[in-house]
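In the order they appear, the protein sequences are chains A and B. Numbering of the first sequence is given in the working numbering, commencing with residue 1 and proceeding in unit increments. Numbering of the second sequence is given in the working numbering, commencing with residue 1001 and proceeding in unit increments.
Treat each hint with caution, since some may be false.
Unchecked claim - Ranges between beta-carbon positions, derived for each pair: (1) B:V1012 <-> A:P81: 30 to 36 angstroms; (2) A:L3 <-> B:K1053: 30 to 36 angstroms; (3) B:P1061 <-> A:A96: 15 to 21 angstroms.
Claimed, not checked - Below, computed lysine to aspartate or glutamate pairings styled on EDC-like, alpha-carbon distance capped at 20 angstroms: (4) A:K70 <-> B:E1062; (5) A:K57 <-> A:E41; (6) A:K56 <-> B:E1030; (7) A:K57 <-> B:D1026; (8) B:K1003 <-> A:E54; (9) A:K70 <-> A:D103; (10) A:K70 <-> A:E54; (11) B:K1003 <-> B:E1102; (12) A:K56 <-> A:D83; (13) B:K1003 <-> A:D71; (14) B:K1057 <-> B:E1030; (15) A:K56 <-> A:E41; (16) B:K1071 <-> B:D1051; (17) B:K1070 <-> B:D1028; (18) B:K1070 <-> B:E1017.
Please keep in mind that the hints were generated in silico from the structure rather than gathered at the bench. Don't be surprised by glycine CBs; every beta carbon is placed ideally from N, CA and C.
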Amino acid sequence: TQLLEQSPQFLSIQEGENLTVYCNSSSVFSSLQWYRQEPGEGPVLLVTVVTGGEVKKLKRLTFQFGDARKDSSLHITAAQPGDTGLYLCAGPHTNAGKSTFGDGTTLTVKP
Amino acid sequence: DVKVTQSSRYLVKRTGEKVFLECVQDMDHENMFWYRQDPGLGLRLIYFSYDVKMKEKGDIPEGYSVSREKKERFSLILESASTNQTSMYLCASSLGGGKVYEQYFGPGTRLTVT
Chain A
1 TQLLEQSPQF LSIQEGENLT VYCNSSSVFS SLQWYRQEPG EGPVLLVTVV TGGEVKKLKR
61 LTFQFGDARK DSSLHITAAQ PGDTGLYLCA GPHTNAGKST FGDGTTLTVK P
Chain B
1001 DVKVTQSSRY LVKRTGEKVF LECVQDMDHE NMFWYRQDPG LGLRLIYFSY DVKMKEKGDI
1061 PEGYSVSREK KERFSLILES ASTNQTSMYL CASSLGGGKV YEQYFGPGTR LTVT
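So here's chain B without its partners, still in its complex pose:
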């Protein structure tokens, strides 16, 4: 079974803090993703990585950066957290190539910025 783990299930941070969200997958997947999910807005892609050290901006990258130094690990960084970044953050991974893009999600991190 594919397993995607996220470093925290719940996180409370203060405005202006630097926040690190970590994601690890154990299936040697090439692709990794960070999404945020807000009521009424669906899943929105923040960043996508298709290989180590490779990244691509998603639909809402502003205020976020990412790091992928190892294939299994993909980190999301909030450089200076703001209250509008309070959200559910979901990490996912998938195999590269082919026409079937099955994604495997972690359990999510509920981040509250006060």
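So that you can see chain A by itself, here it is in the shape it has in the complex:
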């Protein structure tokens, strides 16, 4: 079974701080997705990383895929209250079509 472990589970910071959250596995993934879920809403796809070592930037968010394609990180610069939410990573399950999801990191950014 391919598992994705996310850390930390909870993170509470002040507006303007930087942070990094992690998504780790012992298995190789062909791609990894990052989603953000706001309270009471469905997850929204942020980015997909495909190539080992790849770095993608989305405004203040920087996503990195590990060289061995077993891990990924999300770095947020100068966090804002609007970044508050549950951040989920996911990757293709061994069963074609399905995804494995991590349990997520709940981020709270205080004004």
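Position chain B against the provided structure of chain A, taking the given hints into account.
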């Protein structure tokens, strides 16, 4: 933009009732999913459909059934609702094939069974 809609945002049902949750996607995606999300338990897959009339059990199918008569529509049925089925239900869709499994989620249905 991919759009996934769910029939209700909030639903309150009584124990023993039959409950239908409907999901529609507008991007001609082959795959559709039903998940439930509970605090501390993450996203758990209930059922997965990879084509019309095709379905596969997920991790927690007990107490649920599904129907996919048209490509764009995937329904989740609670045959006899129970209080332990109170949860957030999320529908998602994705393209079939390839190595990138991007899923697009609906807004969710918060179901309360009393």
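Against the structure, the hints come out as follows:
A hinted range of 30 to 36 angstroms holds for the C-beta pair B:V1012 and A:P81, which are about 31 angstroms apart. One distance hint, 30 to 36 angstroms for the beta-carbon pair A:L3 and B:K1053, holds here, with the actual separation near 32 angstroms. Between B:P1061 and A:A96 the Cβ separation comes to about 19 angstroms, which falls inside the hinted range of 15 to 21 angstroms. Distance hint between A:K70 and B:E1062 is unfulfilled; the C-alpha atoms sit about 32 angstroms from each other, more than 20 angstroms.
Only pairs whose Cα atoms come within 20 angstroms are accepted, and A:K57 paired with A:E41 is rejected, the gap being roughly 24 angstroms. A distance of roughly 28 angstroms separates the Cα atoms of A:K56 and B:E1030; the hinted pair therefore is violated under the 20 angstroms criterion. Distance restraint check for A:K57 and B:D1026: the Cα-Cα separation of roughly 28 angstroms exceeds the 20 angstroms cut-off, and the hinted pair is therefore not satisfied. Taken as a hint, the B:K1003 and A:E54 pair is broken in the structure, with Cα atoms around 28 angstroms apart against an allowance of 20 angstroms.
Note on A:K70 and A:D103: the hinted pairing holds, with a Cα-Cα distance of about 16 angstroms set against a maximum of 20 angstroms. Of the pairs offered as hints, the one joining A:K70 and A:E54 holds, with about 12 angstroms between alpha carbons and a cut-off of 20 angstroms not exceeded. A C-alpha spacing of about 13 angstroms is found between B:K1003 and B:E1102, which places the hinted pair at or below 20 angstroms, so the restraint holds. Annotation: proposed proximity of A:K56 to A:D83 holds, straight-line Cα distance about 17 angstroms (limit 20 angstroms).
The straight-line distance between the Cα atoms of B:K1003 and A:D71 is roughly 29 angstroms, outside the 20 angstroms bound, and the hint therefore fails. Of the supplied pair hints, the one linking B:K1057 and B:E1030 holds, its CA atoms being roughly 16 angstroms apart against a limit of 20 angstroms. As the CA atoms of A:K56 and A:E41 are separated by approximately 25 angstroms, the hinted pair breaks the 20 angstroms bound. About 7 angstroms separates the Cα atoms of B:K1071 and B:D1051, which keeps this hinted pair within 20 angstroms; it holds.
Simply put, B:K1070 and B:D1028 have alpha-carbon atoms about 10 angstroms apart, close enough for the 20 angstroms limit, and the pair holds. Simply put, B:K1070 and B:E1017 have alpha-carbon atoms about 25 angstroms apart, too far for the 20 angstroms limit, and the pair is violated.
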